[in-house]
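Visitor: Letter by letter, the chains look like this.
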Amino acid sequence: MWIVSLIPENIFVIIYYALVGAGITLYIVSKLVTWIPMITQWKLPMELVGVIALAAGAYFMGGYGVQKAWLARVAELEEKVKAAEAKSAVVNTVVQEKIVYKTKIVKEVQIKIEERIKEVEKIIDAECKVDPVAIQILNDAAAPVGEAK
Amino acid sequence: MKLLIVIAAFALVGCSTTVPVVMKFPDVPKELLEACPNLKLADNSPKLSAMLTTVTQNYALYKNCQIKQEGWVEWYKSQKQIFESVK
Chain A
27 MWIVSLIPEN
37 IFVIIYYALV
47 GAGITLYIVS
57 KLVTWIPMIT
67 QWKLPMELVG
77 VIALAAGAYF
87 MGGYGVQKAW
97 LARVAELEEK
107 VKAAEAKSAV
117 VNTVVQEKIV
127 YKTKIVKEVQ
137 IKIEERIKEV
147 EKIIDAECKV
157 DPVAIQILND
167 AAAPVGEAK
Chain B
622 MKLLIVIAAF
632 ALVGCSTTVP
642 VVMKFPDVPK
652 ELLEACPNLK
662 LADNSPKLSA
672 MLTTVTQNYA
682 LYKNCQIKQE
692 GWVEWYKSQK
702 QIFESVK
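From first to last, the protein sequence lines are chains A and B.
Under the working numbering, the letters of the first sequence match residues 27 to 175, in that order.
Under the working numbering, the letters of the second sequence match residues 622 to 708, in that order.
Just chain A, same shape as in the assembly (with noise of 0.2 Å):
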């Protein structure tokens, strides 16, 4: 079947024109033959071959006309995809750009707290000192939950 790929395009529209043309004229011909009564036997297969060229012919031609249809639409939504697809790849970059500088402030606003307790380090743990109970507490709250054992 790919064979037929290969065949212009045009041609196959030149021969559903003139399945077409064939048909109605063979159908023409065939109600005037009456008036001619040497040929009047050929009325009846000429009008067959026509009506079926015609149906033929107007069948082909639609076929065409969808196949075309859905080749434009095609055409369409791959244009749409490639589009969409360049955007999503934005969308990721942006995202990721994102998460990277936010990630980044965390990072420095955490080194600068860590730096705050360290300055006022002996001040805090001279005023107060923490219980083994109030870790253990702190830690438990801290602990992984619902994890797989």
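No lab work stands behind these hints: they were computed from the structure.
Do not rely on the hints blindly, as some may be mistaken.
Claimed, not checked - For lysine-lysine, the following PhoX-like pairs were computed, each having C-alpha atoms within a straight-line distance of at most 20 Å:
id : chain 1 : residue 1 : chain 2 : residue 2
1  : A       : Lys94     : B       : Lys708
2  : B       : Lys698    : A       : Lys148
3  : A       : Lys113    : B       : Lys661
4  : A       : Lys124    : B       : Lys661
5  : B       : Lys701    : A       : Lys128
6  : A       : Lys130    : B       : Lys689
7  : B       : Lys645    : B       : Lys668
8  : A       : Lys106    : A       : Lys94
9  : B       : Lys689    : A       : Lys124
10 : A       : Lys138    : B       : Lys661
11 : B       : Lys708    : B       : Lys698
12 : B       : Lys708    : A       : Lys106
13 : A       : Lys113    : B       : Lys651
14 : B       : Lys645    : A       : Lys124
15 : A       : Lys108    : B       : Lys708
16 : B       : Lys684    : A       : Lys124
17 : B       : Lys661    : A       : Lys108
18 : A       : Lys133    : B       : Lys661
19 : B       : Lys661    : B       : Lys689
20 : A       : Lys144    : B       : Lys668
21 : A       : Lys106    : B       : Lys689
22 : A       : Lys138    : B       : Lys684
To be verified - A short, non-exhaustive set of chain A residues, derived as facing chain B with CB atoms under 7 Å:
id : residue
23 : Lys94
24 : Lys113
25 : Asn165
Quantities reported herein were computed from a predicted structural model and do not represent experimental measurements.
Heads up, the beta-carbon is just placed ideally off N, CA and C, and yes, glycines get one too.
Using the hints provided, position chain B relative to the given structure of chain A.
Guide: Positioned in the frame of chain A, the structure of chain B alone reads:
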């Protein structure tokens, strides 16, 4: 009747059309695929400064996780909008 079936089958062949256009599922930024780490546990030092450091470190871990979650929401909303535009 048989002729009708043949004609109908012949005519319906033209109706079977598939559109071979599929959109690739978008990749997710690798940062979003990293799982949020477990919170840090305080060591047994009785110093309040040590405990405070652990707590603030855990705050930072939470903030990083929050950033990732926000990233997922933004990524999903944007990708959905793009996906819906292809119709």
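Visitor: Next, verify each hint and record whether it holds.
Guide: Now the hints, each set against the structure:
1. Straight-line distance between C-alpha atoms of Lys94 (chain A) and Lys708 (chain B) comes to about 19 Å, which keeps the hinted pair within the 20 Å bound.
2. Among the hinted pairs, Lys698 (chain B) with Lys148 (chain A) is inconsistent with the structure: their alpha-carbon atoms are about 49 Å apart, more than 20 Å.
3. The hinted pair formed by Lys113 (chain A) and Lys661 (chain B) fails the criterion: a straight-line CA distance of about 39 Å is larger than 20 Å.
4. About 25 Å separates the Cα atoms of Lys124 (chain A) and Lys661 (chain B), which puts this hinted pair outside 20 Å; it is violated.
5. Restraint check for Lys701 (chain B) and Lys128 (chain A): the C-alpha separation of about 24 Å exceeds 20 Å, so the hint is violated.
6. Note on Lys130 (chain A) and Lys689 (chain B): the hinted pairing holds, with a Cα-Cα distance of about 13 Å set against a maximum of 20 Å.
7. About 55 Å separates the Cα atoms of Lys645 (chain B) and Lys668 (chain B), which puts this hinted pair outside 20 Å; it is violated.
8. About 18 Å separates the Cα atoms of Lys106 (chain A) and Lys94 (chain A), which keeps this hinted pair within 20 Å; it holds.
9. The suggested pairing of Lys689 (chain B) with Lys124 (chain A) holds, with an alpha-carbon distance near 10 Å, which does not exceed 20 Å.
10. Taken as a hint, the Lys138 (chain A) and Lys661 (chain B) pair is honoured in the structure, with Cα atoms around 19 Å apart against an allowance of 20 Å.
11. Restraint check for Lys708 (chain B) and Lys698 (chain B): the C-alpha separation of about 17 Å stays at or below 20 Å, so the hint holds.
12. For the hint linking Lys708 (chain B) to Lys106 (chain A), the alpha-carbon distance of about 8 Å falls within 20 Å, and the restraint holds.
13. A threshold of 20 Å between alpha carbons decides the hint, and for Lys113 (chain A) with Lys651 (chain B) the separation of about 18 Å falls inside it, so the pair holds.
14. With a CA separation close to 24 Å, the supplied pair Lys645 (chain B) and Lys124 (chain A) exceeds the 20 Å bound.
15. A threshold of 20 Å between alpha carbons decides the hint, and for Lys108 (chain A) with Lys708 (chain B) the separation of about 13 Å falls inside it, so the pair holds.
16. Among the hinted pairs, Lys684 (chain B) with Lys124 (chain A) is consistent with the structure: their alpha-carbon atoms are about 13 Å apart, no more than 20 Å.
17. Simply put, Lys661 (chain B) and Lys108 (chain A) have alpha-carbon atoms about 45 Å apart, too far for the 20 Å limit, and the pair is violated.
18. In summary, the hint linking Lys133 (chain A) to Lys661 (chain B) is supported, as the alpha carbons are separated by about 15 Å, within the 20 Å threshold.
19. Distance restraint check for Lys661 (chain B) and Lys689 (chain B): the Cα-Cα separation of roughly 18 Å lies within the 20 Å cut-off, and the hinted pair is therefore satisfied.
20. About 12 Å separates the Cα atoms of Lys144 (chain A) and Lys668 (chain B), which keeps this hinted pair within 20 Å; it holds.
21. Distance hint between Lys106 (chain A) and Lys689 (chain B) is unfulfilled; the C-alpha atoms sit about 29 Å from each other, more than 20 Å.
22. For a cut-off of 20 Å, the pair hint linking Lys138 (chain A) to Lys684 (chain B) stands: about 15 Å separates their Cα positions.
23. Hint on Lys94 (chain A) is violated. Least Cβ distance to chain B is approximately 12 Å, over the 7 Å limit.
24. With a least beta-carbon distance of about 5 Å to chain B, the hint placing Lys113 (chain A) at the interface is held under the 7 Å criterion.
25. Because the smallest distance between the Cβ of Asn165 (chain A) and any Cβ of chain B comes to about 4 Å, under 7 Å, the interface hint for this residue holds.
When held up to the earlier numbered hints, the structure conflicts with 2, 3, 4, 5, 7, 14, 17, 21, 23 and fits the remainder.
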